[in-house]
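Single-letter residue listing:
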Amino acid sequence: MKLFLLFFLAAIFLIVLQTTFFHLLPMGPVVPDLILVLCVYLGLYHPSVGAAFGAFLLGYSIDIVSSPILGFNAFAMSLVYLAVYLCARSIWLHHPIVSSVVVLLAALVKGATMVLIWAIFLSVDGFWAGAARYVMWEALFAALLAPLVFALLRRGQHLVDRFTPVTP
Amino acid sequence: MLAFLRRNQIFFSSCFCLLLSLYILTAAARGQIKNEPVGTLLMWILRPLQIAGQGSANWIKGFRNHYDTLAGFRSENERLRKRLQTLEIERQRLLEAEATNRHLQQLLDFRSELPSGAITATIIASSASSWFQSCVISKGSADGVRKGMAVVTPLGVVGKVVAVTGRTAKVLLLTDPNSGIDVLVQRTRSRGIVSGSLESGTVLKYIKRSEDVQEGDRLVTSGLDSGFPKGLLVGTVIKVRKQNRGLFQSVEVWPAVQSARVEEVLVVGAQPDVAKK
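Listed in order, the protein sequences are those of chains V and B. With this note's numbering as the guide, the letters of the first sequence map in order to residues 172 to 339. With this note's numbering as the guide, the letters of the second sequence map in order to residues 2 to 278.
Isolated chain V (complex conformation):
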């Protein structure tokens, strides 16, 4: 329960960060996707049914706040979680640098998924060149910020563990 609360608060904090403070950064319309980093963290360190639904809810929250059609990010995040979970089950991915690479790849997977869904559901002119640019920048920013977010989440988890009574 405490862990759920931690991730819930982290998600709320990251959404507020992404919708307000990150727009101060001189990066044009590109917003660093820390929600994706949280989703990858769940996939790497929390293989559970709750985390799978958590990833879905993370994407759904972004849909609520940003996208004109619901379900875009929910689908992408669920797919990212599944991909990260399956990879983490067969390969050791827990080193900080490796985690950063995983986030980069996850961002590319999310980008590719968004492109695919976008192409199916929303017809837009001049889409491909712009999409490629967004995917690359988002992936790079997410990978760069991943170690910091991972460290903060791990620290938060340690604090939660410390205050959780040990059952005999």
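Hints are supplied without guarantee of correctness; some may be wrong.
Claimed, not checked - Covered stretches of chain V, going by a simulated chain B footprint (3 or more residues, C-beta under 8 angstroms): (1) 191-200; (2) 216-222; (3) 242-248; (4) 268-277; (5) 303-317.
Source of the hints: derived by calculation from the structure; they are not laboratory data. Source: prediction; values computed, not measured. Glycine is no exception: its CB is placed at the ideal position from the N, C-alpha and C atoms.
For chain V, the structure is supplied; the task is to place chain B on it using the hints.
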């Protein structure tokens, strides 16, 4: 069988989430999702945080501008600099108050030109995703905001309301690739659609090659688009390119309103004819 399901429960849960997302996506694309309780609850939680966050962000922005202003005085001695800093902060505060006052006065004047029932709102959050150009405003269905209403400022068109909760509303900005506003070229009365583009900013679409469009032409709402009063400034043509092939010319537009700099907006409903801009 049960053991197999239990062993792969995370995999199946994720697959369920994927299917659920697809279902939501399809239903939303068909416009079948009307009332959405999770979204309403989330926006209810986020609203005060986003207002506080945006307030802090605006403060930081103001502070950064203030710092930039002060950068030129570095060579002066410490006492004068401190005094100047104090005066500058005070001046900044007064300028900000004056600018806000002027801006609100403009909004009030503009509001009187619009159909009755125009709602004043504050932008409390921007898009959380690079893929969509949207923002959240501080008024919702409880204040009379409805889906499809136009969002404007005295300078021109900002966007359109695409989703509403009790106390907030989501606005799809003019610069989003999924937006589309029916416009007229003010000089020649040629019609087209202004929309965002992932590739080249904001563009004017479906203008025939034979139409006379020049750089500097002002684009205004045609009034045929539901929600937008006729005659509101949408943008200015900055680049016209006629390719060797194709029916239409390629026109780039500089939006009248730079949404990143907007703080207060007016939400107006569908009215046949109004504006004088």
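**Item:** Hint numbers contradicted by this structure
**Value:** Violated hint: only 4; rest satisfied.
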